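There are 4 protein chains.
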Amino acid sequence: MEKPVIIAVIGGSEISPQAAALAEEVGQEIARRGAVLVCGGLGGVMEAACKGAVEAGGLTIGILPGDRREANPYVKIPIVSGVGYARNAAVVKSAQAVIAIDGSYGTLTEIGYALQSGIPVIGLGTWEIALEGKADKNIIRAKNAKDAVDKAMELAGKR
Amino acid sequence: MEKPVIIAVIGGSEISPQAAALAEEVGQEIARRGAVLVCGGLGGVMEAACKGAVEAGGLTIGILPGDRREANPYVKIPIVSGVGYARNAAVVKSAQAVIAIDGSYGTLTEIGYALQSGIPVIGLGTWEIALEGKADKNIIRAKNAKDAVDKAMELAGKR
Amino acid sequence: MEKPVIIAVIGGSEISPQAAALAEEVGQEIARRGAVLVCGGLGGVMEAACKGAVEAGGLTIGILPGDRREANPYVKIPIVSGVGYARNAAVVKSAQAVIAIDGSYGTLTEIGYALQSGIPVIGLGTWEIALEGKADKNIIRAKNAKDAVDKAMELAGKR
Amino acid sequence: MEKPVIIAVIGGSEISPQAAALAEEVGQEIARRGAVLVCGGLGGVMEAACKGAVEAGGLTIGILPGDRREANPYVKIPIVSGVGYARNAAVVKSAQAVIAIDGSYGTLTEIGYALQSGIPVIGLGTWEIALEGKADKNIIRAKNAKDAVDKAMELAGKR
Numbered sequence: 094m095e096k097p098v099i100i101a102v103i104g105g106s107e108i109s110p111q112a113a114a115l116a117e118e119v120g121q122e123i124a125r126r127g128a129v130l131v132c133g134g135l136g137g138v139m140e141a142a143c144k145g146a147v148e149a150g151g152l153t154i155g156i157l158p159g160d161r162r163e164a165n166p167y168v169k170i171p172i173v174s175g176v177g178y179a180r181n182a183a184v185v186k187s188a189q190a191v192i193a194i195d196g197s198y199g200t201l202t203e204i205g206y207a208l209q210s211g212i213p214v215i216g217l218g219t220w221e222i223a224l225e226g227k228a229d230k231n232i233i234r235a236k237n238a239k240d241a242v243d244k245a246m247e248l249a250g251k252r
Numbered sequence: 094m095e096k097p098v099i100i101a102v103i104g105g106s107e108i109s110p111q112a113a114a115l116a117e118e119v120g121q122e123i124a125r126r127g128a129v130l131v132c133g134g135l136g137g138v139m140e141a142a143c144k145g146a147v148e149a150g151g152l153t154i155g156i157l158p159g160d161r162r163e164a165n166p167y168v169k170i171p172i173v174s175g176v177g178y179a180r181n182a183a184v185v186k187s188a189q190a191v192i193a194i195d196g197s198y199g200t201l202t203e204i205g206y207a208l209q210s211g212i213p214v215i216g217l218g219t220w221e222i223a224l225e226g227k228a229d230k231n232i233i234r235a236k237n238a239k240d241a242v243d244k245a246m247e248l249a250g251k252r
Numbered sequence: 094m095e096k097p098v099i100i101a102v103i104g105g106s107e108i109s110p111q112a113a114a115l116a117e118e119v120g121q122e123i124a125r126r127g128a129v130l131v132c133g134g135l136g137g138v139m140e141a142a143c144k145g146a147v148e149a150g151g152l153t154i155g156i157l158p159g160d161r162r163e164a165n166p167y168v169k170i171p172i173v174s175g176v177g178y179a180r181n182a183a184v185v186k187s188a189q190a191v192i193a194i195d196g197s198y199g200t201l202t203e204i205g206y207a208l209q210s211g212i213p214v215i216g217l218g219t220w221e222i223a224l225e226g227k228a229d230k231n232i233i234r235a236k237n238a239k240d241a242v243d244k245a246m247e248l249a250g251k252r
Numbered sequence: 094m095e096k097p098v099i100i101a102v103i104g105g106s107e108i109s110p111q112a113a114a115l116a117e118e119v120g121q122e123i124a125r126r127g128a129v130l131v132c133g134g135l136g137g138v139m140e141a142a143c144k145g146a147v148e149a150g151g152l153t154i155g156i157l158p159g160d161r162r163e164a165n166p167y168v169k170i171p172i173v174s175g176v177g178y179a180r181n182a183a184v185v186k187s188a189q190a191v192i193a194i195d196g197s198y199g200t201l202t203e204i205g206y207a208l209q210s211g212i213p214v215i216g217l218g219t220w221e222i223a224l225e226g227k228a229d230k231n232i233i234r235a236k237n238a239k240d241a242v243d244k245a246m247e248l249a250g251k252r
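Residue numbers (this note's numbering), protein chains in the order written: chain A, 94 to 252; chain D, 94 to 252; chain P, 94 to 252; chain Y, 94 to 252.
Keep in mind the hints are simulated off the structure, nothing from the lab. This one's a predicted model, so the numbers in the text were calculated from it and none came from an experiment. Hints may contain errors.
Since copy identity is lost for identical chains, a pair holds within one copy or between any two.
[Unchecked claim] Quick list of in silico lysine to aspartate or glutamate cross-link-like pairs, DMTMM-like style, CA-CA up to 20 Å:
1. Lys251 - Asp160
2. Lys251 - Glu107
3. Lys96 - Asp243
4. Lys96 - Glu225
5. Lys144 - Asp229
6. Lys251 - Glu163
So that you can see chain A by itself, here it is in the shape it has in the complex (with noise of 0.2 Å):
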């Protein structure tokens, strides 16, 4: 049986028109090449990048912190959780490739938790880290929607 790629779409639940553009055509971008799309199931650039997904025909998972009922209106599959905001874990660790999009606190433990595990982070505008003041080069930059995406799907690949 062949399986679908994963790609998990990462950022804030409260963000600007362009951020929420931006990962609207992320979505469209994963659907298009066949790839799942998975997220936090909630607003923001969640609900932007399933709406973009959606769009172009493709399946979208949202993986809740609480209650099936704050599932934004895109997501095909709703997983609730049921462990909260420790659910961050599982978005990232149930994708081969996180594309990061702007950033709230809540996207920099999915950051972190996505580095621990050696899952490939391509970022659109998000957190910059740094440890005793030298840049962490492993968040890999992309130029824009299209770009990111294809990033993730070769990275993705290697998995």
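Following the hints, complete the assembly by docking chains D, P and Y onto the known chain A.
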């Protein structure tokens, strides 16, 4: 956007050939009704139910305790919970109805979480529970695979 | 460094005065033996057991589903699990033996996790469980509070 | 019943001798002030901080990802989270203030969870984070171990 009904199938990872045949039939019946099957993603009841669902063209989701490589071969979408066997709560809370076949102690935790959350549990040869000598009647007993899925679909529709 | 024995007390948050009196006595007996009491930190059995332990000068730890303000007034060290009722696994896995008093569906999940992990469960008027008409004998029945704590301390010492 | 202040110490499990010395001093300072030290229970920063706290007669709690045998020898009360590295949320949410020393990707998730929950984070040579070129100022920088614990105790008192 229309959302599919989601039915969980729970049961132990070490089971008799009879329980496996029953689980496979339950998986087939779920897929024939257009519902999505969610389970814990491992062997035994979980694998047999996924096999049945895939044979009948259905979608299978496995919420795994650890790594995606643990998934049985019939899991289409592996969700990596990141929380070990605390994922038992997620398996049942993600469903609108639960079918319990046979039973290990993990199945007992899943029955407890489902009943605590008010999610209907249909039993096929699974745990019986009693408090102070009084049998708990909240596990709905089914006669066979078809009867179990009929009951699950009917109760799921009410949620 | 010597480590104290840790005993979990589990049971529902809505209980009869008799169950509360029993839980309080269990808490006292645990503290008298110098053991630490761990529980889910809320009301009912959890509160009564913590009250008893504190009266006898013992240390009480409550592993909470949500916020630290949820803790009953007799919890000395509140642990905020961050994972909701998935914390039920933590309550029993943190103990070397478990005493179950009365029972809700949450208690059933805790019994399931303890038995799955090989942690001894001593029952005082709690759930009875059976599979295919055969009663499960792994819950050790106690006559009274003192007997329950005697059995818990003896079994905890073997782990 | 008076409850002790709880301070979390977070940081990587593989660290330099300098970071270990700093963590040990932080643990001593926490214990001298009568506060309880909570941490992830493993090696590196966690072990050095527990060692310091135990030397100064303090109470140490380790919230472990897996088994109680993983605990470093200076953990007095091992809490078995049952949820793997999703326990990172529990480590910081159980504290009234957090001291971050050095840093691994796990530490980054803990910083994210603390800031998301409004729990003060005091940094000693730990992660710096920035969004769109703008440094996040919510991690409070300390000069040395004593300064870090002074700041942690003061901020913890306000919660």
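Hints, one by one, checked against the model:
When the C-alpha separation of Lys251 and Asp160 is checked against a cutoff of 20 Å, the pair qualifies only between copies, where the shortest distance is 16 Å, while the shortest distance within a copy is 34 Å. Taking CA atoms no more than 20 Å apart as the test, Lys251 paired with Glu107 passes in neither setting, with 33 Å inside one copy and 28 Å between copies. Taking identical chains as interchangeable, the C-alpha atoms of Lys96 and Asp243 lie at most 20 Å apart only when both belong to the same chain, with a minimum of 19 Å there against 29 Å between chains. For the homomeric pair Lys96 and Glu225, neither the shortest alpha-carbon distance inside one copy (41 Å) nor that between copies (36 Å) is at most 20 Å.
Taking identical chains as interchangeable, the C-alpha atoms of Lys144 and Asp229 are never at most 20 Å apart, the minima being 32 Å within one chain and 30 Å between chains. Taking the closest pair of Cα atoms, Lys251 and Glu163 come within 20 Å of each other only across two copies (18 Å); inside a single copy the shortest separation is 34 Å, beyond that limit.
Figure legend: structure checked against the earlier numbered hints; hints not met, in rising order: 2, 4, 5.
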